[in-house]
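Asker: Chains as they are written, first to last, in this note's numbering: chain A, 181 to 574; chain B, 88 to 409.
Calculated directly from the structure, the hints in this document are not laboratory data. Only a predicted model underlies this, so the values are computations on that prediction, with no experimental measurement involved. Quick reminder that beta carbons are idealized off the backbone N, C-alpha and C, glycines included. Heads up, a few of these hints could be off.
Said to hold, decoys possible - Simulated coverage check for chain B against chain A, where a stretch passes if three residues somewhere in it have a Cβ under 8 Å from a Cβ of chain A:
| id | stretch |
| --- | --- |
| 1 | 95-102 |
| 2 | 331-338 |
| 3 | 375-385 |
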Amino acid sequence: MIRFAPLGRALAVVAAAGLALTACGGSGSSSDGDTSAAPTTLKIGFMGDLSGENSGIVIPPRNGAQLAVDQYNATNPKVKVELIPYDSRADATTAVSLAQQAIKTDKIVALVGPAFSGESKQAVPVLEEAKIPNISASATNVDLAKNGWKYWHRVVPNDGVQGPAIADFIVGAAAAKNVFVVDDKSEYGKGLGDAVRGELKTKGATVTDDSLDPNATDYSSTVNKVAAAKPDALFFGGYYAAAGKLLKQLRDKGVTAKFFSADGSLDKGLIEGAGEQQAEGALIGCPCRIPTAGETDANVKKFADDYKAKFGADPLIYATEGYDAMTAFLKAIQSGATTSDAINEAVGKSDFDGISKHIKFDPNGEPAAKSIYIYQVKAGQIGLLGDTMTAKLG
Amino acid sequence: MFDNLLGSFWPYTIDGLILGAIYGLVALGYTMVYGVLRLINFAHSEVFMIGTMAAAFVVMTMGITQPLTGFALVGGLLLMVLAGGLASAGSAALLERIAYRPLRKRGASRLAALISAIGASLFLQELFALVIIPHVFNRPQQGRNQMGVARIMQKDVLFTIGGAQIRIDQVIIFAASILMMILLDLLVNRTKIGRAIRATSQDPETAVLMGVDIDKVVRATFLIGGLMAGVAGALFVLQFEVTKFSIGFLLGIKAFTAAVLGGIGNIRGALVGGMFLGLIENYGAGIFGSGWKDVIAFTVLVLVLMFRPTGILGESLQQARA
Numbered sequence: 181m182i183r184f185a186p187l188g189r190a191l192a193v194v195a196a197a198g199l200a201l202t203a204c205g206g207s208g209s210s211s212d213g214d215t216s217a218a219p220t221t222l223k224i225g226f227m228g229d230l231s232g233e234n235s236g237i238v239i240p241p242r243n244g245a246q247l248a249v250d251q252y253n254a255t256n257p258k259v260k261v262e263l264i265p266y267d268s269r270a271d272a273t274t275a276v277s278l279a280q281q282a283i284k285t286d287k288i289v290a291l292v293g294p295a296f297s298g299e300s301k302q303a304v305p306v307l308e309e310a311k312i313p314n315i316s317a318s319a320t321n322v323d324l325a326k327n328g329w330k331y332w333h334r335v336v337p338n339d340g341v342q343g344p345a346i347a348d349f350i351v352g353a354a355a356a357k358n359v360f361v362v363d364d365k366s367e368y369g370k371g372l373g374d375a376v377r378g379e380l381k382t383k384g385a386t387v388t389d390d391s392l393d394p395n396a397t398d399y400s401s402t403v404n405k406v407a408a409a410k411p412d413a414l415f416f417g418g419y420y421a422a423a424g425k426l427l428k429q430l431r432d433k434g435v436t437a438k439f440f441s442a443d444g445s446l447d448k449g450l451i452e453g454a455g456e457q458q459a460e461g462a463l464i465g466c467p468c469r470i471p472t473a474g475e476t477d478a479n480v481k482k483f484a485d486d487y488k489a490k491f492g493a494d495p496l497i498y499a500t501e502g503y504d505a506m507t508a509f510l511k512a513i514q515s516g517a518t519t520s521d522a523i524n525e526a527v528g529k530s531d532f533d534g535i536s537k538h539i540k541f542d543p544n545g546e547p548a549a550k551s552i553y554i555y556q557v558k559a560g561q562i563g564l565l566g567d568t569m570t571a572k573l574g
Numbered sequence: 088m089f090d091n092l093l094g095s096f097w098p099y100t101i102d103g104l105i106l107g108a109i110y111g112l113v114a115l116g117y118t119m120v121y122g123v124l125r126l127i128n129f130a131h132s133e134v135f136m137i138g139t140m141a142a143a144f145v146v147m148t149m150g151i152t153q154p155l156t157g158f159a160l161v162g163g164l165l166l167m168v169l170a171g172g173l174a175s176a177g178s179a180a181l182l183e184r185i186a187y188r189p190l191r192k193r194g195a196s197r198l199a200a201l202i203s204a205i206g207a208s209l210f211l212q213e214l215f216a217l218v219i220i221p222h223v224f225n226r227p228q229q230g231r232n233q234m235g236v237a238r239i240m241q242k243d244v245l246f247t248i249g250g251a252q253i254r255i256d257q258v259i260i261f262a263a264s265i266l267m268m269i270l271l272d273l274l275v276n277r278t279k280i281g282r283a284i285r286a287t288s289q290d291p292e293t294a295v296l297m298g299v300d301i302d303k304v305v306r307a308t309f310l311i312g313g314l315m316a317g318v319a320g321a322l323f324v325l326q327f328e329v330t331k332f333s334i335g336f337l338l339g340i341k342a343f344t345a346a347v348l349g350g351i352g353n354i355r356g357a358l359v360g361g362m363f364l365g366l367i368e369n370y371g372a373g374i375f376g377s378g379w380k381d382v383i384a385f386t387v388l389v390l391v392l393m394f395r396p397t398g399i400l401g402e403s404l405q406q407a408r409a
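All chains should be modelled from the sequences, with the hints used to inform the complete structure.
Answerer: Listed below in structure tokens is the structure:
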């Protein structure tokens with residue numbers, strides 16, 4: 181068996197080459213030999229952790245993007261769009277090689293993603309060099325916008341907005357004076373934790389801090405430190421897997437401080453990890469706009485219904501943002517742009533009402549609208565409290 | 088800096104000892120296999136993972152919505168430990184049969200066995216992520232996500248020591264670990280199979296000449312090591328109520344470190360090493376912050392090995408001590 185493997189692989193390569201050749205021939209003849217004619221189907225990639233531990237916050241935006249593409253293709257446009265998923269498993273090295281594959285082999289014209297900040301830092305330069313416009317629906321690290329990237333955008337406000345907004349809510353609506361801040365040492369968690377610490381100190385709160393390893397399970401040393409500090413509130417910067425474990429161990433130790441976290445923890449996995457009883461009342465900030473059960477906004481409600489009809493699940497975190505990011509590309513293509521450069525230029529001029537917010541980009545790629553929302557866990561469900569500026573704690 | 092540690096000295100100590108007991112139980116598997124075969128069984132972390140999965144499966148099957156009490160609780164706990172222990176012991180024995188024995192029979196180098204161990208470890212992780220968690224646990228497309236386990240018992244505080252609240256589950260975990268250690272110590276020192284294990288670790292060739300069936304000894308070693316890891320897995324699920332396909336990775340490294348700290352090949356050393364590591368980690372975290380936990384633990388490992396290369400208690404399975 182083993183001996184035949186190389187031969188089999190060689191055959192596969194020959195077969196693939198043959199297919200590629202026929203494919204070229206086919207497209208050549210259909211466009212009457214005019215090689216400069218616009219292709220009838222453009223490929224747009226979606227990159228993020230689609231099967232890994234944090235896929236819970238990447239699959240909804242992927243579905244949102246898919247929904248946008250399907251709705252667009254259903255209108256029978258001149259130029260159709262195909263969505264190609266790239267599963268980076270949130271690993272920067274994988275993201276870089278997938279980006280290269282997407283550019284060289286699949287010849288994508290645009291990309292929604294990369295989903296997380298760590299992988300964005302490594303993979304976006306590759307996209308930038310190949311001049312592929314990209315819009316992330318969920319990467320929130322502040323420094324990403326400081327690289328002078330011309331093809332990079334995002335539809336969520338960064339941690340520099342999210343962190344202080346949550347911190348203001350902690351000292352404002354939640355009236356906490358003594359706050360404990362824990363981060364998971366990741367690109368995302370540390371950046372967010374520091375933003376919260378900075379704002380809390382400016383507002384005169386006492387801040388104690390610690391960090392933890394998201395892959396570990398025993399957080400007793402952090403929990404003991406929290407118990408000793410007796411804070412009114414605790415903020416955790418990190419993802420839901422670690423947030424759930426931390427919250428459970430805090431409550432089991434009898435710590436009753438209000439628990440706050442941010443977008444990385446906005447997932448049902450938080451409630452499963454912590455246990456329904458322990459998770460009760462936990463507050464989670466997010467630059468994202470998630471449709472809730474009693475939705476009043478008609479556009480958001482229609483999106484939620486369409487999404488549910490297609491995927492058989494409620495639209496969770498970043499689903500609306502994934503839809504909006506893809507819509508920005510689709511509107512560009514609709515306006516006649518078919519090359520990466522033309523699409524990028526059109527995206528830069530975006531100005532439309534998306535599902536999550538009004539979509540318009542600053543010159544550095546940041547979104548112009550910067551609202552942060554706050555959610556609360558009640559009886560095992562995550563519900564929207566409102567905008568951090570106006571929401572009240574019941 | 089130190090006032091934090093001094094202020095919460097007892098909580099740090101208690102949590103360190105309890106985590107250390109779990110490290111110790113897992114470390115036994117590394118240390119016994121090393122004692123007999125001079126092999127580091129890197130797939131042992133997955134044997135532990137299988138124990139946590141079996142215990143989680145029991146809790147899931149019982150369909151618990153409210154924490155149990157009385158006899159139902161005792162029965163549930165025993166079932167968890169039994170399922171964890173049996174699943175891990177079985178998979179450890181199977182691992183030996185498939186991944187190591189064929190190599191050993193052909194006199195392959197230890198390096199080959201090490202590669203085989205790493206391969207088996209990856210295979211088991213992916214097996215759970217791709218097949219068992221999606222299908223057996225009925226969590227499609229979530230094979231790599233953390234899995235919450237229902238709370239089986241109310242975690243009431245029993246008593247306090249110097250400001251540290253001791254919960255009932257912590258007492259159970261600590262007592263069960265120590266009990267398992269004592270039983271193992273008796274098994275190795277007082278029974279025929281124990282004597283065969285000690286003889287093989289001292290000098291395999293002479294042991295064979297004296298009529299020891301080496302395959303049987305190796306199988307028994309894996310079974311016992313697996314059993315200990317499985318019990319540790321069940322206790323882990325009882326305390327933390329989570330598991331996932333890669334749960335064994337970090338804990339495996341820590342347990343291996345505990346085995347080396349205590350003196351690899353030394354059974355009592357595994358317990359001492361586990362407790363020592365658990366305490367050092369927590370004290371280090373108390374002084375420098377939890378981010379420094381691993382740095383402190385491994386710095387201490389390097390220091391101990393510098394001055395006592397054979398670990399705290401030395402490599403003494405050979406010297407018929409334990």
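Asker: Now tell me if each hint is right for this structure.
Answerer: Against the structure, the hints come out as follows:
no. : hint    : result
1   : 95-102  : holds (count 4)
2   : 331-338 : holds (count 6)
3   : 375-385 : holds (count 5)
Comparing the model with each earlier hint shows no violations; every hint is respected.
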